[in-house]
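Turn these sequences into a full structure, and let the hints steer you where they fit.
Chains as they are written, first to last, in the working numbering: chain A, 1 to 351; chain B, 1001 to 1351.
Stretches of chain A that chain B covers, calculated by requiring three or more beta carbons in the stretch to come under 8 Å of a beta carbon on chain B:
no.	region
1	17-29
2	41-52
3	96-109
4	112-126
5	193-205
6	278-291
7	316-328
Just so you know, these hints were derived from the structure itself, not from any lab. The beta carbon of each residue, even a glycine, is placed where N, CA and C say it ideally should be.
Number of protein chains: 2
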Amino acid sequence: MSFNPVMVQAWRGPAVESEHRGALAVVDADGALVLGLGDIERAIFPRSAVKALQALPLVASGAAERFALSDAELAQACASHGGEPAHVATTAGLLTKLGLEAEVLECGAHWPRGEAQIAAMGARGETPTALHNNCSGKHAGFVCLGCVLAGEADRRQFLRGYVEPEHPVMREVTAALAAATATDLSRAPVGIDGCSIPTYAIPLRQLALGFARLGTGQGLSTDHAQAAQRLRRAVAAQPFHVAGTNRLDTVLMQALGERLFCKVGAEGVYCAALPERGWGLAIKMDDGNTARAVEVVLAAVVQAALPLNDADQALLQRHSELSLRNWNQRLVGRLAATPALRQALGPLARG
Amino acid sequence: MSFNPVMVQAWRGPAVESEHRGALAVVDADGALVLGLGDIERAIFPRSAVKALQALPLVASGAAERFALSDAELAQACASHGGEPAHVATTAGLLTKLGLEAEVLECGAHWPRGEAQIAAMGARGETPTALHNNCSGKHAGFVCLGCVLAGEADRRQFLRGYVEPEHPVMREVTAALAAATATDLSRAPVGIDGCSIPTYAIPLRQLALGFARLGTGQGLSTDHAQAAQRLRRAVAAQPFHVAGTNRLDTVLMQALGERLFCKVGAEGVYCAALPERGWGLAIKMDDGNTARAVEVVLAAVVQAALPLNDADQALLQRHSELSLRNWNQRLVGRLAATPALRQALGPLARG
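Spelled out as C-alpha cells, the structure:
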C-alpha cells in the first residue's frame, strides 16, 4: 500500500496539519471497475463493514422469519451500534425471544460510545456487559441463526464456541461472505476480529463487488438476493439501529433511505451499495483512521455518485468538509476531502 | 510530506492491517543533525509537545519561586494530564495559592481520560470543568506567570484574554518558544490550539534543537537554562503529574528519571531531550496518530539511543512492539516499529 493517494487533509488555520492516504474501488454487479484509486487489488481486513453480508444466512435460513425478527433487530444484526439504551434493549429483547440471555454472547464487553452515556451508566451504577458491545446485535443474529441450525440439539450447548471458524454458524456466515465477494476465503489471510469472530482479508475490489451484489441482488443466489433486500429495507426503516445518535451511517441512511446502504468498519474501512447506480464501493485508509478519514471519503463518494436534492447535497458537503472546533467551540480548522480526490470522483456523476 | 517512511505497522494475525508514516529529527545542541528521517524541514504544529518550553518563563520570571510552586505543580505546567483526581486537585491548589479560582482558566472543559474515570464522575454527579482539561496545569502556570506580570494591576482583569497572541503572558511564552527553537515565529503559520492558545508551525529540525537545548541548557539564556533544569527535575520527581496512570510519558520517566525528558503532543507529535547524549528529538506522524503511532516511534528511538539495563530495555521493547488484544483479551495482533525504522535508528547507539 506504499503510494496510495492522499484523500483527506486536516487543516489547522492556514496549514495542513495531518493527512490520510487510502484506496477506493467502485464496481458494478458484473465486477466491472467503475473507478479505482490506489491499490484496489490488495487484500484488506473488512472488519465490521461486511456485517450485512454476514447477516444474509440469518434471513436466508428462515431464522429471521421463524423468530419474527423486527426491522430494528435485523438492522442491529448489521450494526456497529453505540450501546445506547435502545440498542441494549433490542439485543436483550431478541435473546428473550430465543429463550436465551446475554451470557450466551461471545463478543466480550465494552463501554458504550460517548462520555455522557458512560457517565449516565456510572450514575446508575451500571458496568458494561456484552449487550453494550457494538457487535451485540450481530452476535444475537448469529445466535438466532444457531437456534435454527441446532435443530433438536440443546441450544446453549450447540451455540458454545459459535465465534470459531469451524462452528456450523460461522461456516454459514463465512460461506455467505465468500459467495457475495466471489473470493476463496479458505486461502485468505485470516485474523481475529475485536468481537472474536474470524476476519478474512479480501481484495478491496472484491468487497466492492459484494456490495454491488448486496444492492442489486444480481450475482447472489435467489435466497441471498431476497435476504439482501430484506436487510437493506430493515436498515432503511430503522437506521438508528445500525449505528446510533449522530453516527454517519445513521445520519446518511435517515436522509437517503434505500438509495444508500453503507457500513463503516474498524481500521478505516467503509463499504456501501448504491442500488440505483448498480454499484458497490469499498474504501480502506492506510492508517486505519475511521472516525475522521474514511467517513470523509465515503461522504465525498456518495456526494459525487448520487443525484441529490439541495438538503442532501448540503448534508453530504458537511460530512465531506467538516469544521473543527476546540474545547471553547472556537473554529480551529477543517477536515476535508482533497481537491485531487474530488476531481478523481468527478466521473462518477457521469458514469 | 509526500513520501515520509512507514515507521509503524499494525499487524492482525498474519497480515499488516494499517501503517503509519512519519518524520524524525535528532539534533545536538549546536543544531547539527544526528539523524533525519523523512521531511524534517517541514514546519509542523508542535501542539502540546512544547509545553516545557512554554513553561520556561514561569520559572525564569521568578513566578514559580514567588508562589513556591511544588514539583507536582511545575510538572503539571508541562503536562497533558489525564484529569485524574490528583491532577484536578493540584491545579485547584495552585489557583488557591494565587487567590484565584477555576473560572479564570481559559482552556475550556472536557471529560477526563478513560471510561472508568468518567463513570466514577457520573456516580459522584460531577460534570467536567476547566480543571479536568488536560492543559489545566499549563494554564494555571500561565496564570501564575500573569500574576507576576500584572504587577500592581488587578489580577483578574490583567489575566482576561491571556490565551491571545498579543497578551503579555502569551508574548512571554511565545518568545521563549522562539528563542529555544531559534525560529522567527512572527513569520510562522499560526493556528489555534485545542486549549485556545496559539500554536506556531515550526520545522521538525528546529523543534529537536529546542529540546537539545532544554536537555543541556546550551544555547539558552542563563535564566532559561536554569529554568529548564528546574522543570526537568520537577517532572523527573513527579512524573505522574506530566501525564498520568499508564501514560507513556509517565511510565518512561518513572523508569528513566532525568535521563529522559519526553512530551507527547496532539496529532502525532513527540518531542524529547536525552541530556546524557546532548540530543533533542522531534517526531511527527503524517496522519496525526498519537496513541498508537508516535508513541511506538518514540519508544524505539529511546531504545536505540540510550544504554539501558535489562528492565528498561524490556520496558522500551514492550512499548515499541505492543501486543493487541480484543474485548475477550484474545491476542489478535501487534503494533510494531518497522524493521526499516529499527535499522535507520541503529547509528544512534554508536552516534
